[in-house]
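Asker: What follows is each chain in one-letter form.
Number of protein chains: 2
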Amino acid sequence: EKKLQSVFSKVDELKPVFIERLANAVAIPSVSGDESLRKEVFKMSEFLVKELESLGAYDIQVKPLGKQPPPVTDENLELPPIVLARVGKDETKKTIMIYGHYDVQPALKDDGWDTYPFKLVEVNDKLYGRGSTDDKGPVIAWLNVLQAHKELSLELPVNIIFCFEGMEESGSLGLEELVGREADKYFKGVDTCCISDNYWLGTKKPVLTYGLRGCNYYQIIVSGPGADLHSGIFGGVIHEPMTDLIRVMSQLVDVKGKILIPGIDEMVAPVTETEEKLYDDIEFDVNELNAASGSNTAIYQSKNDILMHRWRYPSLSLHGIEGAFSGGGAKTVIPAKVIGKFSIRTVPDIDSKKMDQYVFDYVNAKFKELGTPNSYKVELIHDGAYWKSDPFNDSFTAAKKATKVVWGVEPDLTREGGSIPITLTFEQQLKTNVLLLPLGKGDDGAHSINEKIDVKNYIEGAKTMAAYLHYYGEI
Amino acid sequence: EKKLQSVFSKVDELKPVFIERLANAVAIPSVSGDESLRKEVFKMSEFLVKELESLGAYDIQVKPLGKQPPPVTDENLELPPIVLARVGKDETKKTIMIYGHYDVQPALKDDGWDTYPFKLVEVNDKLYGRGSTDDKGPVIAWLNVLQAHKELSLELPVNIIFCFEGMEESGSLGLEELVGREADKYFKGVDTCCISDNYWLGTKKPVLTYGLRGCNYYQIIVSGPGADLHSGIFGGVIHEPMTDLIRVMSQLVDVKGKILIPGIDEMVAPVTETEEKLYDDIEFDVNELNAASGSNTAIYQSKNDILMHRWRYPSLSLHGIEGAFSGGGAKTVIPAKVIGKFSIRTVPDIDSKKMDQYVFDYVNAKFKELGTPNSYKVELIHDGAYWKSDPFNDSFTAAKKATKVVWGVEPDLTREGGSIPITLTFEQQLKTNVLLLPLGKGDDGAHSINEKIDVKNYIEGAKTMAAYLHYYGEI
Ligand SMILES: [Zn+2]
Ligand SMILES: [Zn+2]
Ligand SMILES: [Zn+2]
Ligand SMILES: [Zn+2]
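So the sequence lines, in the order shown, correspond to chains S and C. Okay, so the first sequence: first residue is 1 according to this note's numbering, each after it adds one. Okay, so the second sequence: first residue is 1 according to this note's numbering, each after it adds one.
Please keep in mind that the hints were generated in silico from the structure rather than gathered at the bench. Be aware that a few hints might be false.
Copies of the same chain are indistinguishable here, so a pair counts whether it falls within one copy or spans any two.
To be verified - Straight-line alpha carbon distances no greater than 30 angstroms define the calculated BS3-like cross-link-like pairs of lysine-lysine that follow:
no.	residue 1	residue 2
1	K256	K368
2	K337	K377
3	K377	K256
4	K303	K368
5	K331	K377
6	K39	K331
7	K331	K388
8	K331	K258
9	K258	K377
10	K109	K337
11	K431	K400
12	K67	K331
13	K354	K331
14	K258	K368
15	K337	K303
16	K337	K258
17	K109	K331
18	K63	K93
19	K456	K50
20	K331	K353
21	K331	K303
22	K456	K353
23	K10	K89
What you are looking at is a predicted structure, and each value in this text was computed from that prediction instead of being measured.
Next up, chain S with everything else stripped away, as it sits in the complex (with noise of 0.2 angstroms):
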């Protein structure tokens, strides 16, 4: 607990450089989604490189991916390496696989920024900028932890080996394989992942966030006529596939979001009361929610519902048609061929294939009904699996500590809706545990404009992390 103190006051000692180092960070507009910001991607990745080099990280390799595969303007464009870096050797220490990525989403200052994007400003207790947030921030913060222990001459209480991506903006080409490559190399001996690229529920308690939802996308796709007919010339005397695709769009979700295909609610795991004490203490009601959808269209208005709702129960969004008339104004048009988009998010204990079974024999059997001679098919375009950690674990247990201490109030324990597709990497090829640790508040703004994180959380952030990192190595 000394140790611990001295690394606190450390941590507070070294603000303004530690404010310093993102800025510099920051200063590197690494925007993997932009090919002619490559360079700059590269550029933070020597950044970093660097960085560990001089807080003693060791083993330090700059894994090349190759070129980036089509679609592509460049051919040859080289995808931004993946860093590993070690830090301590200790075989009696456990070893923590700590993940974030370098680079950033876009952002140019006529988006609608109050400041040059790229350059760290500080403005009543909030650093502005992108990637302050997402996640060069929880990045950084990793940084300063060794920086602190540095400087005490301190050794690190476990092993870490670190995991610095620059492509998750643009959907982490090339990581799975790498990851998958060096399980039983780079990786191995892992005893845990944490991974700090997420945000707080709100902006007053830190959480803790243990489980995600999965995400089955599908299409239903309807076609009857060689071309687009003229409604004046057809209409009345075709069976129109826009007709048929909207009866059986409309037939699978009712207005308050009960998923009409059966046996998928079914799947649903029931909430036992150890999950359901988890949501006491969460601070949020449905004012935040109708804050956030700027509406008051919430389906719920009890915490529980909302959050449970969010996180442990499937959903199932219409998201719209490809083929039809989607333009402003009028056009009498009889489209030839439509394709229906819907998605059903995903939660323990689904089986994700049954579920993909069931939405087939469903859709299939509504057409049926309708009796259409128009031709129709329904598949499924893309899926990624829920996760769902427990939040009881060894990992869990040291980041809960790690808060108390330093925020001096228990964390909440949450889920989030969206996936998060890193997590099931890391915990499917690794074959270990995964903690999501965020840092930010739920207000930060990651991916839009004016994204900041409040230096207290900064801060505070790391300190947290150095806490983590020391109660797990006692366990």
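With chain S's structure known, arrange chain C with the ligands on it following the hints.
Answerer: Then chain C with the ligands, alone, in the frame of chain S:
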């Protein structure tokens, strides 16, 4: 009758001259929809004036219509003029207003034409070229009728007032106002109107057209969230506008084309015995519908059912959704605001305003049933009335006789499913009846590549026009 036979012989004799005249017209690329070709549209109006002058027309007036209203690239773009001309001034004779348009649809060789679209090419007794059938062929055929009479030194059996427009393919801008302004001036004393700007139902039998459906176009606007949302975070916890919209759109029409909005079918005029008989001789079957739609998706198999549902019953088509995801692939968006588009084809005796109210009431009631907190609105964005003439009036009677004499068969009396707005313009502004006297065949390909008119239709069509004038003058 002898006079008419000499006109027919003259028409046959002048065939090469007539084809040459059409070739000269087609050679002018008078595409009204292409601003860069506007001078060619003007050139085409000058061509007509010269021809009319040389063929004995008088009081030729080239009516300027002022600048083309926005949206337009060149703010000073002048609308093509309307060309008015008279032939004959015998107060004891009837006066027929003849309308045609001298502008054409766009055409590029690269669109897939076998020949250069602005050069008339004769292959297998067909004349290929843009405008050959829509509508330069019919316009020039009227001029050919003048020439035949002139060379025979025969007076026309009626007075003619020509009205040739240069913006038909681009919304007939300025036409309605001009016709209204001139109703009691240039058009004073018009007994009937004849328009040759549609086509035979098929390819074997000539037709006269006595009805067109109208079209009311509606949109349903549903909005909730302040911005598009991510379905991971909001799926299952808010009322999604798409779910509401699809539900309501699915209740507008059933898969067999039955309109589910109460009150509309009840306004449709019952089929009379006289009307039903009109269908007896019409050559048409479900195979022609299937060939035209490029599919076997016909709702009805019998000739009468198909034609009646195309011509004299209303239909409702769902066209698409603005604001929803409409691209390829997968996007997990919850659209914040979606606008569903649909239209209803109207027929006698539907009261357009009453129907609007039925639509609004029904859609609003369906939304109320949903109990959604999203806001919704249904509105009419465009309407055009149906048109139906008495196919037993003097003009139709004369045209039937003319057809019989020239083609040896009674024409089919047809209606069309789409609308030809100019028909209503003349009927309403001149308070007289209109005859649609098509020259070309159903496979002429107006508006598509390889547009053509059969030499036979072009030549026998001119004879039919001459005979129509003759018999109408006799009544
Ligand atoms: Zn991120
Ligand atoms: Zn991100
Ligand atoms: Zn036309
Ligand atoms: Zn046309």
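Asker: For a quick check of understanding: which of the numbered hints are violated here, in increasing order?
Answerer: Checked against the structure, the only hint that fails is number 22, while the rest are satisfied.
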